[in-house]
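Chains as they are written, first to last, in this note's numbering: chain A, 1 to 421; chain B, 422 to 646.
Please note that the accuracy of each hint is not assured.
[Said to hold, decoys possible] Lysine-lysine pairs mimicking BS3-like chemistry, simulated, CA-CA at most 25 Å apart:
id, chain 1, residue 1, chain 2, residue 2
1, B, 560, A, 301
2, B, 540, B, 439
3, A, 307, B, 623
4, A, 301, B, 622
5, B, 644, A, 235
6, B, 621, A, 301
7, B, 508, A, 295
8, B, 502, A, 235
9, B, 508, A, 215
10, A, 275, B, 502
11, A, 307, B, 573
12, A, 268, B, 592
13, A, 284, B, 502
14, A, 301, B, 508
The set of hints was computed from the structure by calculation and includes no laboratory data.
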Amino acid sequence: MTKNLLHTTLSVYLLYSLLILLIAAPVLYFATQQLYLQEADDTLLLHKKEFIQYVAPTMDKEDIGAWNKFNRNRKIYPAESLQNDSIYNTTYYDTLDAELEPYRELKASVTIQERIYTYTSKINLVESEDIIKSIGLLFFITISVLLAGLFFITKRLSLSLWKPFYKILQQIETFEIDKTQTLQFTPGRIEEFNRLRISIQKLIERNTSIYATQKEFIENAAHELQTPLAVFQAKIDSLMQRTDVTQGQSEILDSLNTAVARFNRLNKNLLLLSKMENAVYSDKITISLTNYIHKNLDFFKEQANAKNIHIKIDIEKNMEIKLNPILADILISNLFLNAIKHNIQDGEIIISAKKGNLTFSNSGQAMPLKQEHLFNRFSKVNPSEDGTGLGLSIVKKIADINHFKVSYHYTSNLHSFTITF
Amino acid sequence: MKLLLIEDEKELALSIQKYLTHKDFVCEWVYKKQDAIEKISMYEYDCILLDLMLPDGNGFEILKEIKDQNKSEGIIIISAKETLETKIEGFRIGADDYLTKPFHLSELLVRIQALIRRKNFNGNNIVVFNEINIDILSKTVRVNNKLIDTTKKEIDLLLYLIGNENRVLSKSAIAEHLSGDMADMLDNHDFVYAHIKNLKKKLNEAGSRDYIKSVYGLGYKWKND
Numbered sequence: 001m002t003k004n005l006l007h008t009t010l011s012v013y014l015l016y017s018l019l020i021l022l023i024a025a026p027v028l029y030f031a032t033q034q035l036y037l038q039e040a041d042d043t044l045l046l047h048k049k050e051f052i053q054y055v056a057p058t059m060d061k062e063d064i065g066a067w068n069k070f071n072r073n074r075k076i077y078p079a080e081s082l083q084n085d086s087i088y089n090t091t092y093y094d095t096l097d098a099e100l101e102p103y104r105e106l107k108a109s110v111t112i113q114e115r116i117y118t119y120t121s122k123i124n125l126v127e128s129e130d131i132i133k134s135i136g137l138l139f140f141i142t143i144s145v146l147l148a149g150l151f152f153i154t155k156r157l158s159l160s161l162w163k164p165f166y167k168i169l170q171q172i173e174t175f176e177i178d179k180t181q182t183l184q185f186t187p188g189r190i191e192e193f194n195r196l197r198i199s200i201q202k203l204i205e206r207n208t209s210i211y212a213t214q215k216e217f218i219e220n221a222a223h224e225l226q227t228p229l230a231v232f233q234a235k236i237d238s239l240m241q242r243t244d245v246t247q248g249q250s251e252i253l254d255s256l257n258t259a260v261a262r263f264n265r266l267n268k269n270l271l272l273l274s275k276m277e278n279a280v281y282s283d284k285i286t287i288s289l290t291n292y293i294h295k296n297l298d299f300f301k302e303q304a305n306a307k308n309i310h311i312k313i314d315i316e317k318n319m320e321i322k323l324n325p326i327l328a329d330i331l332i333s334n335l336f337l338n339a340i341k342h343n344i345q346d347g348e349i350i351i352s353a354k355k356g357n358l359t360f361s362n363s364g365q366a367m368p369l370k371q372e373h374l375f376n377r378f379s380k381v382n383p384s385e386d387g388t389g390l391g392l393s394i395v396k397k398i399a400d401i402n403h404f405k406v407s408y409h410y411t412s413n414l415h416s417f418t419i420t421f
Numbered sequence: 422m423k424l425l426l427i428e429d430e431k432e433l434a435l436s437i438q439k440y441l442t443h444k445d446f447v448c449e450w451v452y453k454k455q456d457a458i459e460k461i462s463m464y465e466y467d468c469i470l471l472d473l474m475l476p477d478g479n480g481f482e483i484l485k486e487i488k489d490q491n492k493s494e495g496i497i498i499i500s501a502k503e504t505l506e507t508k509i510e511g512f513r514i515g516a517d518d519y520l521t522k523p524f525h526l527s528e529l530l531v532r533i534q535a536l537i538r539r540k541n542f543n544g545n546n547i548v549v550f551n552e553i554n555i556d557i558l559s560k561t562v563r564v565n566n567k568l569i570d571t572t573k574k575e576i577d578l579l580l581y582l583i584g585n586e587n588r589v590l591s592k593s594a595i596a597e598h599l600s601g602d603m604a605d606m607l608d609n610h611d612f613v614y615a616h617i618k619n620l621k622k623k624l625n626e627a628g629s630r631d632y633i634k635s636v637y638g639l640g641y642k643w644k645n646d
């Protein structure tokens with residue numbers, strides 16, 4: 001599956017942003033929590049230090065009760081022995097909120113009037129949770145806004161940055177080498193695109209010129225061949241009139257005659273193709289396809305008679321198309337003769353023209369033709385046959401220059417060629 | 422009948438000259454524009470065969486010269502130029518027919534005959550060959566004064582055969598003549614046989630002698646023996 005350039009860029013950006021968000025959120029959460037605990041521990045230790053330094057030396061045994069009474073978070077209990085400081089998490093039941101709340105607590109041994117006591121100090125962690133949540137949310141919002149901004153800026157920027165590229169692309173897509181049109185690229189401010197534009201322009205110019213030379217060559221060659229061909233034909237015609245021609249010689253003469261006739265047809269058809277490429281037949285008028293089919297029907301029936309082919313015609317009363325009249329004749333004749341030529345003895349031809357479609361269907365070899373080269377010049381189903389191999393490529397060319405569609409189907413033993421106008 | 426052939430391709434000109442000189446035609450040949458104009462102003466011809474590309478000019482210039490001199494010769498252009506524009510231009514200046522190279526000599530001959538018939542037309546346009554009588558205008562054929570039922574194609578074929586009397590006509594030449602513009606697309610000439618057979622049958626049934634002969638390996642010949 002192919003993807004649009006912009007979509008690909010943006011989806012990569014989006015994926016990266018999501019990944020960062022997913023990783024950053026828990027990391028930030030734990031880091032902040034850790035920092036807060038650290039802070040709480042420092043506070044607890046500081047309080048203890050203060051207590052030992054300033055409070056403990058001035059304290060009496062009797063003061064302990066008062067201390068415990070007025071200090072909710074710091075208590076002093078008598079202890080048996082000295083113990084190392086310990087800091088841990090714990091929970092206490094809060095009577096105000098009526099729920100268990102998390103606390104950080106420090107337990108240390110202190111000496112008051114040479115007696116050992118246990119000093120505990122605790123800090124409520126509920127506030128810290130709230131702060132962490134707030135920070136997290138703030139962070140999330142900031143990052144989201146940042147990413148969304150980046151996303152839209154990239155999108156807008158890319159669109160305008162790649163605009164010349166899409167313009168070039170569109171022009172190349174509509175470019176057809178056999179049409180007389182020139183590509184007009186306008187220079188932009190991005191260097192790479194200018195380079196691309198210049199290279200494509202050079203490429204196209206070169207190809208167009210090669211194509212034109214080739215086209216001219218075919219036309220000139222076909223044209224120049226006509227005079228020697230005329231001499232050849234005339235000499236054969238003259239030779240045939242001689243009374244001293246033997247049987248063996250007349251067989252050779254007959255072959256020569258067939259060959260020169262085929263040569264002539266080939267040449268004429270090549271000329272026709274060249275002329276179509278040179279837009280000689282570009283003037284169109286509205287013609288009745290129905291009339292054009294009926295016009296030469298007798299001629300085709302005569303041709304079909306040799307194979308005893310049955311012709312069935314199913315055409316709309318007045319189907320009109322816009323086409324050059326010469327090309328209309330050539331189109332119908334080629335389709336018709338193709339249907340006759342590749343037909344079988346006692347076969348059938350069905351001509352249907354309706355709803356903007358003209359279809360010639362014929363019986364023939366019992367398997368579909370290979371579509372691949374069907375409309376190419378000199379492609380023949382049967383290489384030994386007499387045809388020029390140009391008939392269908394002429395049909396295709398006529399369709400191409402008039403923007404019609406040609407298609408081939410094989411259904412229920414019928415080969416169908418359809419022109420969609 | 423006097424013909425003037427203006428053609429710069431010597432070999433082609435010789436073949437045409439030989440083929441045409443056969444019957445009651447006299448065919449003169451020039452290959453330069455200047456010679457052609459001289460001949461045309463000095464002599465009268467029944468028909469002029471004109472090539473368009475000449476070493477010292479364009480055939481159209483000769484055509485204009487003929488028209489300027491108010492000459493009434495029938496003119497057939499024989500050229501390798503096959504574009505519609507050239508043909509239209511030729512007819513516009515005053516040519517009577519246009520034949521694209523390459524062509525069969527037999528085709529050229531019947532075109533000349535048809536042109537001369539049109540030129541000398543005086544009320545009736547009839548071709549007579551022994552007992553066969555063809556009225557070209559009403560498209561009817563009579564054998565021994567008896568009307569026979571023929572198609573347009575058969576009359577066309579009959580005129581072509583009679584026009585090329587005693588000449589061997591190949592199947593492809595006949596096919597090209599009968600199919601006209603379609604000839605370039607047609608690669609099967611078997612239909613000629615059916616036409617010949619039908620024509621032969623109709624003529625024979627009406628009591629005509631058998632003039633259509635098959636020439637082994639080559640084609641057919643109209644022969645008066």
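Here's how the hints hold up against the structure:
no.	hint	verdict
1	B/560 - A/301	holds (22 Å)
2	B/540 - B/439	holds (24 Å)
3	A/307 - B/623	holds (23 Å)
4	A/301 - B/622	holds (21 Å)
5	B/644 - A/235	holds (22 Å)
6	B/621 - A/301	holds (21 Å)
7	B/508 - A/295	holds (23 Å)
8	B/502 - A/235	holds (21 Å)
9	B/508 - A/215	holds (23 Å)
10	A/275 - B/502	holds (13 Å)
11	A/307 - B/573	holds (23 Å)
12	A/268 - B/592	holds (19 Å)
13	A/284 - B/502	holds (23 Å)
14	A/301 - B/508	violated (30 Å)
Violation of the numbered hints given earlier is confined to hint 14; every other hint is satisfied by the structure.
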